[in-house]
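Peer 1: So the chains spell out like this:
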Amino acid sequence: MLKRELTFLFALWRANLQGAMEFRVSFLLQIFGMVANNLLYFAFWPVFFSHFDDIHGWTLNDMLIVMAIVSFSWGIMTFLFGNFNFISEVIANGRLDYYLSLPRPVLTHLLASRSNVSGLGDIAFGVVAYLLSGQFQPEQILRLLFGVCISGTILLFFMTLVHSLTFWVGNATELGNLGVNALLTFSLYPITIFDNTARFFLIIFVPALLVGSVPAQFVKAFSWQGLVQLSLGALVLTALAITVFTRGLRRYESGSAIQVEV
Amino acid sequence: MPAIKVTDLKKVFKSKRKEAGMLGSLRSLTHPEYKTIEAVCGLSFEMEAGELLGFIGPNGAGKSTTIKILTGILFPTGGDASVLGYTPWRDRHKLAYQIGTVFGQRPQLWYHLPAIDTFTLFGKIYELDELVLKRRIGFLAETFEIGDLLEIPVRKLSLGQRMRCETAASLLHSPKLLLLDEPSIGLDVVAKQRIRDAIREMSKLENVGVLLTSHDAGDLEALCRRVIIINHGQIVYHDKVSNLKRKYLTSKLVEVRYAAEVNQDFQIYGMETLKVGRYGVKLRFDTKNTSVDLVMSRLSEKGSLVDITISDPPLEEVIARIYEEAA
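For the record, the sequence lines run as chains A and B.
Just so you know, we're using our numbering here: the first sequence kicks off at 1 and counts up by one.
Just so you know, we're using our numbering here: the second sequence kicks off at 1 and counts up by one.
Keep in mind that the hints were calculated from the coordinates and are not lab data.
By construction, the Cβ of each residue, glycine as well, lies at the ideal position given by its N, Cα and C atoms.
Simulated crosslink set (EDC-like; lysine to aspartate or glutamate; CA at most 16 Å straight-line):
| hint | chain 1 | residue 1 | chain 2 | residue 2 |
| --- | --- | --- | --- | --- |
| 1 | B | Lys245 | B | Glu221 |
| 2 | B | Lys10 | A | Glu253 |
| 3 | A | Lys3 | B | Asp129 |
| 4 | B | Lys247 | B | Glu221 |
| 5 | B | Lys252 | B | Glu317 |
| 6 | B | Lys18 | B | Glu33 |
| 7 | B | Lys282 | B | Asp307 |
| 8 | B | Lys288 | B | Glu272 |
| 9 | B | Lys240 | B | Glu51 |
| 10 | A | Lys3 | B | Glu127 |
| 11 | B | Lys245 | B | Asp216 |
| 12 | B | Lys14 | A | Glu253 |
| 13 | B | Lys156 | A | Glu22 |
| 14 | B | Lys5 | B | Asp80 |
| 15 | B | Lys16 | B | Glu33 |
| 16 | B | Lys124 | A | Glu5 |
| 17 | B | Lys16 | A | Glu253 |
| 18 | B | Lys14 | B | Glu38 |
| 19 | B | Lys252 | B | Asp286 |
| 20 | B | Lys275 | B | Glu255 |
| 21 | B | Lys14 | B | Glu33 |
| 22 | B | Lys35 | A | Glu253 |
| 23 | B | Lys5 | B | Glu48 |
| 24 | B | Lys252 | B | Glu316 |
Calculated Cβ distances over 10 Å to all of chain A for the following chain B residues:
| hint | residue |
| --- | --- |
| 25 | Asp129 |
| 26 | Glu201 |
| 27 | Thr273 |
Work out the full structure, taking the sequences as your base and the hints as a guide.
Peer 2: This is how it looks when you write it as structure tokens:
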């Protein structure tokens, strides 16, 4: 069964990539544009740390690992499951009909039906940021891969959860924008600036710390607490998002909007 | 066992009401009001395997909602349905391997890619063997006359060409039943005819059952043996197409345009003049008493023809007559 779904997913990703490559200049601009965008964003931190040694023990090196993890996970998810940020739009405009009329798992098919090639730029930036961090021990690399998987899973299913509220509220596009902005913004701040209440909020309600700082700490040094926090967070959010989306399908109302493209 | 069995099917939507203007928007924000819309109200019908059944009605009659329930896209509010032995909303996944769907307003072909790429993707979705898929594409390309269109990006195809590719895509996995929701919407006469011919051919060759929704009585005449007319979510007529034609589709409308100005008291024996313009005339004739050949020759006697369209009366008119008779 897994082989069957993977064969389907690879075919879908290939079609996405073929679609993106139809427009060569746009394809390249998106990749290099995203690398430049991330560089400009990150440029603030070397300047900051040239004036201050650390923020409550958080250094430029920690920031590099956070950037590497968030860029990697965001890049992979937007490239492989790029529809996660458009779920509300698809539901509200009645475009789930297409996915529901084909014999494949609806959520997987929906998520993987769009590839944002700018994600490749994020992945490239993530590689550079990680190389600069100097964390090259084999166990650190294994922990990085684990951290990226968890960070990406949380990102994907948090957004799926927020957008699935469209089944109840009519259109959660703006809520989704709010969610993704909050998640990304807080995931790129050093964890040490938050007190315990803020940390609790940023783990339970907007799990930004599970996307950036907690996996970054886990890459630097193994801890059972980090492992449990990350694994549990990813499992709970995945189960919750799938349940809410599946329940929501019963409320789906389709629509009669004329659609001119897929 | 019937291919489709529907019993007392119901679907109710809740819709927000809002008065016009800014004040209405503010009021709807603080005191929202909802009304329920009964899109499908207790539909019951059966369709045999391999049958070509027309499901027609005006806009908003509940045709698309019914088709969406039968494909498992929508959950019904009440009633029961069985499609090829499956309950669509419970067995959507299994049913999807057995049916093909075409929604005229919802393309399934990838817009920026040639149709052949979507066909290849569908091969993976339906888990078709590569050799089987290749043979199937060759067969469908011949039947639907799309061989030279397959490698052109879909965005560059005409609507008629695209719809032929869409219908071929829905038949890739050799379904037992084809559910077509307004497949001819927006197509010109020639494109409609080509789609209808290909669907009829496929049904004959592979015994594919076809449930077709349309608001064009022409689709029905060309394809179906039996017809169900629905309005406001209820069946208002259910009989053979031949009986419907004999009883209700007895007249045709003709719109004709001449090269020179026409006489304002334009009259032709055996035809009812509905409207006279400067160059054009709209008329109606009874097909039982007057043949199309005769109409053409009488019209051309009146002057040099520039354009002519012959069509069925709108379904709304047919439904009004059915209601009148029932009353």
